[in-house]
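There are 2 protein chains.
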Amino acid sequence: MITYEEAFRRVMLYDKDYGTETVPLLKSNFRILAETIHADRDFPPFNRATKDGIAINFATFENGTSTFKIEATVNAGMPQQELKDANCCIEIMTGAVLPKNADTIIMYEDLDIKDGIATLLSTPKEGQNIHQQGADKLKGAALLEKGVKITPAEIGILASVGKKKVLVAKLPKVVVISTGNELVSVSETPKPHQIRTSNVISLQAALSAEQIIAKHIHISDSKRAITKNVKKALKQNDVLLLSGGVSKGKFDFIPEVMDDLGVEKVFHKVLQRPGKPFWFGIHDKLQTLVFSFPGNPVSTFINYYAYFIPWFKSSVGVGYSDQFVKLDESVANTTGMTLFNLVKTYWKNGSLFVSILKNNGSGDLTSLSEADGFICLPHKETDYEKGELVVFVGTK
Amino acid sequence: MITYEEAFRRVMLYDKDYGTETVPLLKSNFRILAETIHADRDFPPFNRATKDGIAINFATFENGTSTFKIEATVNAGMPQQELKDANCCIEIMTGAVLPKNADTIIMYEDLDIKDGIATLLSTPKEGQNIHQQGADKLKGAALLEKGVKITPAEIGILASVGKKKVLVAKLPKVVVISTGNELVSVSETPKPHQIRTSNVISLQAALSAEQIIAKHIHISDSKRAITKNVKKALKQNDVLLLSGGVSKGKFDFIPEVMDDLGVEKVFHKVLQRPGKPFWFGIHDKLQTLVFSFPGNPVSTFINYYAYFIPWFKSSVGVGYSDQFVKLDESVANTTGMTLFNLVKTYWKNGSLFVSILKNNGSGDLTSLSEADGFICLPHKETDYEKGELVVFVGTK
Numbered sequence: 072m073i074t075y076e077e078a079f080r081r082v083m084l085y086d087k088d089y090g091t092e093t094v095p096l097l098k099s100n101f102r103i104l105a106e107t108i109h110a111d112r113d114f115p116p117f118n119r120a121t122k123d124g125i126a127i128n129f130a131t132f133e134n135g136t137s138t139f140k141i142e143a144t145v146n147a148g149m150p151q152q153e154l155k156d157a158n159c160c161i162e163i164m165t166g167a168v169l170p171k172n173a174d175t176i177i178m179y180e181d182l183d184i185k186d187g188i189a190t191l192l193s194t195p196k197e198g199q200n201i202h203q204q205g206a207d208k209l210k211g212a213a214l215l216e217k218g219v220k221i222t223p224a225e226i227g228i229l230a231s232v233g234k235k236k237v238l239v240a241k242l243p244k245v246v247v248i249s250t251g252n253e254l255v256s257v258s259e260t261p262k263p264h265q266i267r268t269s270n271v272i273s274l275q276a277a278l279s280a281e282q283i284i285a286k287h288i289h290i291s292d293s294k295r296a297i298t299k300n301v302k303k304a305l306k307q308n309d310v311l312l313l314s315g316g317v318s319k320g321k322f323d324f325i326p327e328v329m330d331d332l333g334v335e336k337v338f339h340k341v342l343q344r345p346g347k348p349f350w351f352g353i354h355d356k357l358q359t360l361v362f363s364f365p366g367n368p369v370s371t372f373i374n375y376y377a378y379f380i381p382w383f384k385s386s387v388g389v390g391y392s393d394q395f396v397k398l399d400e401s402v403a404n405t406t407g408m409t410l411f412n413l414v415k416t417y418w419k420n421g422s423l424f425v426s427i428l429k430n431n432g433s434g435d436l437t438s439l440s441e442a443d444g445f446i447c448l449p450h451k452e453t454d455y456e457k458g459e460l461v462v463f464v465g466t467k
Numbered sequence: 072m073i074t075y076e077e078a079f080r081r082v083m084l085y086d087k088d089y090g091t092e093t094v095p096l097l098k099s100n101f102r103i104l105a106e107t108i109h110a111d112r113d114f115p116p117f118n119r120a121t122k123d124g125i126a127i128n129f130a131t132f133e134n135g136t137s138t139f140k141i142e143a144t145v146n147a148g149m150p151q152q153e154l155k156d157a158n159c160c161i162e163i164m165t166g167a168v169l170p171k172n173a174d175t176i177i178m179y180e181d182l183d184i185k186d187g188i189a190t191l192l193s194t195p196k197e198g199q200n201i202h203q204q205g206a207d208k209l210k211g212a213a214l215l216e217k218g219v220k221i222t223p224a225e226i227g228i229l230a231s232v233g234k235k236k237v238l239v240a241k242l243p244k245v246v247v248i249s250t251g252n253e254l255v256s257v258s259e260t261p262k263p264h265q266i267r268t269s270n271v272i273s274l275q276a277a278l279s280a281e282q283i284i285a286k287h288i289h290i291s292d293s294k295r296a297i298t299k300n301v302k303k304a305l306k307q308n309d310v311l312l313l314s315g316g317v318s319k320g321k322f323d324f325i326p327e328v329m330d331d332l333g334v335e336k337v338f339h340k341v342l343q344r345p346g347k348p349f350w351f352g353i354h355d356k357l358q359t360l361v362f363s364f365p366g367n368p369v370s371t372f373i374n375y376y377a378y379f380i381p382w383f384k385s386s387v388g389v390g391y392s393d394q395f396v397k398l399d400e401s402v403a404n405t406t407g408m409t410l411f412n413l414v415k416t417y418w419k420n421g422s423l424f425v426s427i428l429k430n431n432g433s434g435d436l437t438s439l440s441e442a443d444g445f446i447c448l449p450h451k452e453t454d455y456e457k458g459e460l461v462v463f464v465g466t467k
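Going down the list, the protein sequences come from chains A and B.
Those letters in the first sequence? Residues 72 to 467, per our numbering, in order.
Those letters in the second sequence? Residues 72 to 467, per our numbering, in order.
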């Protein structure tokens, strides 16, 4: 059996660039940008008034003038005007283009305006209240680099350079597959020995947070049904996420079926708890990946975040790094395995602490709702001390 | 002019319960649950095998027997079977119902099976490898409380109790409105004095993260057009988010129009930077709220997260609390105003630190992409020290 570190390393070897696609601007939100975005003009594109007031030629003030006749008014959205008489001023609104021959703006609060004459109430500074053309970025400058995650801030930038459509990293096509004769659909009333499908519904919801819309297939515990459906799924998808069917039972056909269908096992079973029977493989010809998670709710859930999410992030090109949090009690792990413990997080003095949740084992679905994520504790001869930093994976 | 704290307090006075609505299970992801979810049966609903192996009657082992003839095999999904002869065993798969008369499961790894006879290789513990009926939750127990945010973990629980449709908090109907003659649409090529609309597109993207699909209306700087469109928008929505049109310029009609249309000003202008000209009001009869943000990109963005988001969270019933982070350099604010500084966050020894971003002022759209959020610095006579805790608002 391999260690968690080794299993993780092997999964990450199969990260894959699924290419790019073009989507409408608002649909690109939370996707990964696949092109560099350049400024199509200076930012701002002109000398822009940042206050409402008057625009003057500063030299006139320096020469002793502090009252200015208002020659005209310019609003945002008007083409550039010209201050014709340097002894006069132009009334100007925020967002408007600074008129030719003007170089300084005095805001209303520092003015007294009467009968079309503006009188300065304080001493202006040359060039004040103007957002200079190109001050933020010059035309051609890179505004957004390839590989950034698009969020509302980036949407604003994309809009401002006219990207009605955006090139983003294509998402892998994922299907979630439940197996097990004990499972009935959410809308059915289970008989005493049955339960409703929930693991893969949870996975569908988790995938939707990555903007992946995954189909759900349920297959009963028959080798024939599994073979037929998995064969089809391998052709139609980039990734299969399965829940159940990988432990040692007589009816756990997955490893066998995968072998028959040409899916090469990368590993089966990992020195970890929960989720030991995790099976991972690849169809060499189709390049379809198979993450086959143990059927317990906690096992499926934790394996998804421990393996699939880092693999996915690496594949779309955003990268993945460990987050460390502080333990709020000492804890031991001398099991020879990596333990994944569900935890609740809380902030204290700017640090993120975790409390370990006691749960009833890998079947305890309800404990997942109480947790904010889990910590990874490798085997260690000495205790993990209170306050020690451990790796945390968030699931909320 | 009122302080930021006072402005915040006043906005929060207008939080409002918009009622509830029923949505399909997967659509409830990231919404707020509006009903208490009870266990419709015990969790788990039966004594469930957690390992593959054999089920025995422990008393037989205690009486000295360690070889058991296999009487039958039970798989997950089969109705409960019975161990007819207590000297025998039943082969059992994970997820199956524990047979009557059996009380202990021994996994394959601890067995030697030959010719239909299983021999124990180690000493079992009574009741082992069984997830006892009701061990997680008893029938009728509350699994999820009203007011929790639904995430993939909760989706799993909702699925398991058969919630094909879920009662969630209804979202306010929001419209984003841009004003300003200088603005052209994203698909247009702006003239030298024009810029493309970006603030409200950014707001649309931010609202979609809250599952709110907001329409966008652009209104030109004419009092008549603003009056006509705002009047209609007030009737059709719960919240109007405006960008631009609230500073002191001659063409900033919003406050005047709002007054004409019966929208009562709660406040106009806040001792904060950026975003000083923020205008907030309510139409008493329609109960429509108006958040009218200054038109600069950074002002609109920060005001949205500083006021709208806490208001929204409080309205849907999830509550809102401040998050504190550590400053990585000392900083002063003796401006008499609250400063909102864009920051980049990073983890160090389990603590979240922020670096203050230098930007070119409230017009610098590109700085928003570099930031992970902003910190709120109230006026303070002494410096904020390196390492001091300050309030942080995340925007990524």
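Accuracy of the hints is not assured; some may be wrong.
Partial chain A-side listing against chain B, Cβ under 10 Å, derived [unchecked claim]:
no.	residue
1	117
2	120
3	296
4	449
Keep in mind that the hints were calculated from the coordinates and are not lab data.
All of these numbers come straight from a predicted model, not from anything done at the bench.
Ideal Cβ positions, reconstructed from N, Cα and C, are used throughout, including at glycine.
Taking the hints in turn, this is what the structure says about them:
{"no.": "1", "hint": "117", "verdict": "holds (6 Å)"}
{"no.": "2", "hint": "120", "verdict": "holds (9 Å)"}
{"no.": "3", "hint": "296", "verdict": "violated (13 Å)"}
{"no.": "4", "hint": "449", "verdict": "violated (18 Å)"}
Of the numbered hints listed earlier, those contradicted by the structure are 3, 4.
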